[in-house]
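Number of protein chains: 2
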Amino acid sequence: MEIRHKTHILKITDQKITYDDRCLMSGIDQTPFCYLGHGDADITMYRGNFDIVDDVIERLPLTPIDHEMHETTLTLIMGYQGAPYATCMFELSQNGDLSLRVETTDARWNRLWLRLDAEPDEHVFGCGEQLSYFDLRGHHFPLWTSEPGVGRNKTTLTTFYADSRDHAGGDWWTTNYPEPTFISSKRYLCHADTFVYADFDFRPKGYHELQFWGIPKRIIFRTATSYQELLRKLTDMLGRQQPLPSWTSEGFIAGVQGGSERVDELISRFRRAQVPLAGVWCQDWEGVRITDFGKRLFWNWSANDQLYPELKSKIAAWRREGIRFLGYINPYIAADASQFPQAEQSGFFARRKDGTTYLVDFGGFDCGVIDFTNPAAYDWFKNLIKTNLIDVGLSGWMADFGEYLPTDVVLFDGSNPLERHNEWPALWARCNRDAIHEAGREREIIFFMRAGTSGTQGLCPLLWAGDQSVNWSLDDGLASVIPAALSAGMTGCGLTHSDIGGYTSRYGNIRTRELFMRWAEMAAFTPFMRSHEGNRPDTNFQVYDDPDALNHLARYVHVFRLLASYRTHVMSEAAELGLPAQRALFLHYEDDEITYSLKYEYLLGQDLLIAPVYEQAQTTRRLYLPEDTWVHLWSGARYGGGWHSIEAPLGQIPVFFRASSPFVELFDGLKSAVLD
Amino acid sequence: MEIRHKTHILKITDQKITYDDRCLMSGIDQTPFCYLGHGDADITMYRGNFDIVDDVIERLPLTPIDHEMHETTLTLIMGYQGAPYATCMFELSQNGDLSLRVETTDARWNRLWLRLDAEPDEHVFGCGEQLSYFDLRGHHFPLWTSEPGVGRNKTTLTTFYADSRDHAGGDWWTTNYPEPTFISSKRYLCHADTFVYADFDFRPKGYHELQFWGIPKRIIFRTATSYQELLRKLTDMLGRQQPLPSWTSEGFIAGVQGGSERVDELISRFRRAQVPLAGVWCQDWEGVRITDFGKRLFWNWSANDQLYPELKSKIAAWRREGIRFLGYINPYIAADASQFPQAEQSGFFARRKDGTTYLVDFGGFDCGVIDFTNPAAYDWFKNLIKTNLIDVGLSGWMADFGEYLPTDVVLFDGSNPLERHNEWPALWARCNRDAIHEAGREREIIFFMRAGTSGTQGLCPLLWAGDQSVNWSLDDGLASVIPAALSAGMTGCGLTHSDIGGYTSRYGNIRTRELFMRWAEMAAFTPFMRSHEGNRPDTNFQVYDDPDALNHLARYVHVFRLLASYRTHVMSEAAELGLPAQRALFLHYEDDEITYSLKYEYLLGQDLLIAPVYEQAQTTRRLYLPEDTWVHLWSGARYGGGWHSIEAPLGQIPVFFRASSPFVELFDGLKSAVLD
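Heads up: the protein sequence lines correspond to chains A and B, in order.
Each residue of the first sequence is one higher than the one before, counting from 1 in full-length UniProt numbering.
Each residue of the second sequence is one higher than the one before, counting from 1 in full-length UniProt numbering.
Please keep in mind that the hints were generated in silico from the structure rather than gathered at the bench.
Computed from a predicted structure; not experimentally measured.
There may be inaccurate statements among the hints.
All copies of an identical chain are treated as equivalent in the list; a pair is satisfied when it fits inside any one copy or across any two copies.
[To be verified] In silico SDA-like pairs for lysine to any residue, Cα to Cα no more than 20 Å straight-line: (1) 295 with 94; (2) 6 with 106; (3) 205 with 57; (4) 205 with 596; (5) 314 with 410; (6) 386 with 305; (7) 353 with 83.
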């Protein structure tokens with residue numbers, strides 16, 4: 001049997017279901033591809049870290065017992081021991097994609113497992129922002145937005161202490177931004193249209209098993225002959241990020257705080273060191289508090305008059321000096337904040353079953369959760385952004401969090417929080433976007449988020465990679481932001497960046513000068529250059545205290561500025577084609593099998609190859625160049641394809657440009673910015 | 001419906017199955033008590049530590065769709081969606097016990113879950129030797145014999161290092177001796193007649209869920225009005241340990257090594273310090289090797305002539321001085337041992353699928369696994385014990401290991417190693433027992449094992465609690481051997497002991513003088529007093545190097561000797577009634593709810609109450625006395641029931657005797673042994 005639509009073909013035999021010659025399911029009569037189940041999960045949250053244990057009470061392997069065919073659809077009646085339990089409807093749509101809808105007859109089925117045929121040497125990429133692995137094959141990935149964890153590796157002391165003291169260690173799969181979307185090296189994409197808890201298991205040799213705690217609306221497959229086309233098709237569906245406003249290319253966004261006077265003093269330090277500033281990012285614009293974890297923000301969403309008196313006119317003054325002001329917000333309000341009573345009286349917070357406000361522990365203080373399923377709450381918060389952020393003159397902000405929706409909360413619209421938890425980052429992104437849109441300032445104002453989900457692609461102008469530890473660990477330090485950018489890119493998110501120097505200083509991890517400098521070198525080759533003082537500013541290295549590091553920073557911010565026109569080109573490819581700014585090498589060299597295994601190198605656009613030094617005290621970097629002619633940025637030496645060991649003293653991140661790039665002249669000019 | 005046999009009644013309604021008024025299953029039409037499944041487990045072993053991950057492909061909740069009744073049996077036809085899948089046959093037997101047999105129609109069903117009705121405040125005890133919990137309620141317990149792990153608590157640094165460096169950290173449930181047998185405070189016992197992997201989950205409030213990776217031959221329930229009667233009934237079924245030979249009461253068994261000369265030197269040190277010796281335990285009688293872990297034994301089962309020349313006559317000489325000689329053996333042979341080629345050529349080792357000998361890594365050296373399913377191999381090894389141990393004059397030995405049967409081994413009799421793994425300790429115990437029995441020496445020769453399973457009760461004369469860390473940790477140090485003894489006791493094993501001072505010195509744990517002394521004080525109130533030099537003798541405290549500790553040991557060995565007649569009485573209760581020597585308090589005070597929560601106190605027999613000091617630098621111990629008149633052993637002060645804080649300086653373990661005991665005079669005499 002087969003169904004055709006234009007060039008697309010869905011074929012079904014007793015043994016296989018193939019779509020455009022990709023085998024999706026095999027041995028379907030013997031090896032079921034569809035399992036229905038009923039489970040009862042136990043979910044507890046502690047400060048954004050979740051313990052999730054499932055009790056699968058019932059699980060049925062289903063096999064086709066009958067089928068129906070119409071013009072563009074094929075429906076399999078799926079049965080167990082001859083009795084029907086579900087239908088699997090495959091439909092070839094007008095745009096050539098294949099969608100699979102599973103329907104069950106009984107509402108008790110709240111678990112679904114689908115097995116997709118896999119080849120032993122197949123690679124899989126995406127699933128949102130994954131920080132430990134880029135090729136997802138060989139591992140399974142629970143998809144549930146949460147704190148990413150500290151250390152994120154159970155064999156490290158950092159994670160051991162984070163787990164045993166704070167229940168906060170995380171693991172390879174914990175991420176702020178999971179998404180049930182991936183691209184296979186069999187040249188297809190798969191996207192599940194659902195926000196339920198999922199777990200994608202890419203360990204078995206012969207199949208991928210996709211687990212869902214609920215029945216997805218549909219599972220969408222699209223094929224293409226190249227990854228670039230797959231990314232275009234993926235972002236046609238999920239949205240794309242637009243190029244960042246041009247002011248972001250003017251220089252460094254200094255993460256500073258402490259009030260207007262302190263910020264002015266630090267601005268002059270940056271200026272004296274000739275660090276071009278595009279803006280200052282002052283997360284404490286709304287006040288601070290001190291907790292166990294370190295210095296925290298107050299979480300009342302209006303300017304703090306003590307720290308930043310007459311902020312609106314101060315922002316205008318900074319603006320006249322060419323410095324933008326960026327702030328901070330998140331979708332919670334502290335219980336001791338002045339905005340709390342109004343929001344509570346208006347019924348804008350999610351509630352407990354007993355009708356009282358559900359307070360979430362954020363680590364030393366409790367907050368109400370703005371209930372975005374309540375249109376009035378949504379509008380109130382959106383207007384608060386317009387009034388207290390946009391009207392005051394902020395050019396951007398960190399839109400933090402979004403991962404903490406508890407699963408036992410009662411929502412205004414009566415929906416199941418277990419099914420809304422993963423969607424929350426999209427609602428939060430939309431609230432920010434709508435505020436900016438209604439103010440008519442999309443081309444000027446940005447916000448950046450760590451939490452993400454399906455739809456983030458079109459809703460959030462810029463990701464940031466969350467709260468790395470201030471160290472060299474692969475799973476949670478400098479290195480981890482590279483696979484984070486690459487996997488987000490393969491999920492259709494083209495623009496991301498990270499806190500230069502990392503954020504989390506705990507359990508003996510203290511940021512060093514070297515770490516900051518290596519991170520800054522790398523950030524010059526990303527879409528956005530922003531630093532963070534970290535959670536414990538006083539005990540960690542700060543660039544503004546160190547003349548040599550300031551000098552190094554100045555040179556790399558200059559590189560960043562010089563790259564503006566190239567970056568504009570790269571970001572337009574993201575906006576138009578869905579090609580991420582930071583790209584896996586195989587997006588341009590698909591036939592080179594080695595490029596599939598690289599997780600600590602990337603292309604910025606097509607023409608720059610960056611291999612950051614991610615280990616302490618390393619001054620050479622072994623790296624791979626795909627077959628092409630590559631020019632080493634600092635020495636001008638030319639290299640062909642293959643493995644190379646490249647000298648990379650502190651201050652000289654290994655970067656190469658393609659000899660045949662139309663930007664060769666621009667690239668040639670970068671050297672003097674760093675070396676002269 | 002009901003079935004009666006003598007005073008026993010099985011009642012079945014739509015809602016419940018009750019046996020002697022204990023509700024076993026409730027709501028059976030709505031809440032299934034029986035689930036059938038098909039799973040595919042992934043099991044890997046590294047040096048006796050197992051990674052076990054199950055993939056449950058199919059799971060059906062079954063409900064009764066029909067029934068058949070005969071004189072003593074009631075058979076429920078269990079179905080899913082109206083179709084039959086299994087029968088559950090309940091039978092009241094001649095001796096009044098209830099057995100449940102599950103039969104399935106299809107061999108693919110290799111998972112069974114049974115839910116037993118539970119009350120919220122119910123307690124559960126047993127499941128073999130459990131070292132972290134005594135009351136098992138609130139936790140689940142995978143039942144799979146393995147290394148117990150180092151630290152056994154994921155929140156400790158010891159376990160962190162053991163896991164990350166050696167894959168050997170363990171957890172609360174890892175034990176050498178698991179058993180699918182428990183006693184409920186609803187006054188029934190449950191024993192599953194099977195050796196398959198099991199996991200008993202006592203977490204849910206309303207039920208216990210018993211998971212089996214295979215269909216047990218039967219599940220046996222017995223009721224009684226008291227725990228003492230339950231233990232008698234349990235040990236009627238599974239066997240009982242006989243009183244230890246009287247020579248074991250003559251004094252201390254010194255764990256020493258290094259060859260005859262060194263042993264002689266150490267014997268004189270003990271003698272000079274007036275430590276009464278019953279024997280020396282020389283684990284290195286068969287040679288040594290040095291590995292990463294420390295000093296290890298050679299694993300060739302004959303006397304090592306270099307270390308112990310002419311051992312047989314030397315043993316006879318020691319015996320004339322009143323000192324017995326004990327050795328060591330395990331059911332493996334090192335690949336570089338002289339006995340290996342003969343065993344291999346004779347086909348006595350378990351094999352790989354390709355027919356070659358399966359070598360197991362024991363930590364720095366590889367061994368063949370004696371295949372006890374091969375009668376010729378069994379006999380050969382048994383005869384080796386007779387010839388090389390018994391005939392040489394050994395009075396006992398540690399029969400170590402038994403937990404390492406890999407699940408991918410090919411056995412002589414073609415049986416499934418997954419179903420034999422948990423049985424292996426019984427085969428190993430039987431081999432030792434048969435050797436001793438055939439030599440006609442049961443009343444004189446003992447062996448002690450750490451590995452156990454159903455049947456250990458009647459096969460193994462004495463347990464020891466395995467390889468504790470040489471520290472104060474609750475899960476793996478001194479404290480842990482108390483719940484180990486209590487839970488083994490509730491599984492029908494009445495005689496156990498532990499390495500005085502612990503064994504495992506790794507990851508910075510070094511045995512201190514204080515630890516050894518506290519452990520020795522406690523050991524005087526157990527059935528057997530034996531020390532171990534540990535895995536790294538040279539860097540850990542050894543009692544024979546310390547005059548004060550030797551003096552302390554001498555006093556407590558004297559106590560142990562003085563207790564001989566009381567211990568004989570206690571051991572005869574174990575042999576005749578199945579009452580363990582070390583007893584949970586509620587065995588004699590069932591109405592006192594507090595006694596159910598005590599895991600670091602015990603009774604030795606009915607009349608001595610021991611509350612060991614298990615924390616470092618503690619000189620008082622808070623302890624509970626059940627309602628009775630108790631006399632403090634050292635001060636003579638009398639106490640009633642309730643919580644008390646008792647002075648317990650080093651050297652004065654809190655011990656009380658019952659004022660109404662027939663052994664009062666004996667107990668009164670203990671004081672002078674310690675204090676004078």
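How would you classify residue 6 and residue 106 at a CA-CA limit of 20 Å: within, between, both, or neither? This pair counts as neither: shortest intra-copy Cα distance 36 Å, inter-copy 47 Å.
Intra- versus inter-copy proximity for residue 94 and residue 295 (alpha-carbon distance at most 20 Å): Result: close neither inside a copy nor across copies, 54 Å intra and 73 Å inter.
Homomeric proximity label, residue 314 with residue 410: Cα distance no greater than 20 Å: Intra 42 Å, inter 79 Å, cutoff 20 Å: neither.
Same-copy or cross-copy closeness of residue 205 to residue 57 [CA-CA at most 20 Å]: So residue 205 and residue 57 pass the 20 Å test across copies only (16 Å; inside, 27 Å).
Could you place residue 386 and residue 305 in one of the four classes (within, between, both, neither) given a Cα distance threshold of 20 Å? within (19 Å within a copy, 90 Å between copies)
Within, between, both or neither: how does the pair residue 205, residue 596 come out at a Cα-Cα threshold of 20 Å? Within. Shortest intra-copy distance 17 Å satisfies the 20 Å Cα cut-off; inter-copy 49 Å does not.
For residue 353 and residue 83, with the copy left unspecified, which applies at a CA distance of at most 20 Å: within, between, both, or neither? The answer is neither: 39 Å in one copy and 40 Å across copies each exceed 20 Å.
Hint violations for this structure: numbers 1, 2, 5, 7, all remaining hints satisfied.
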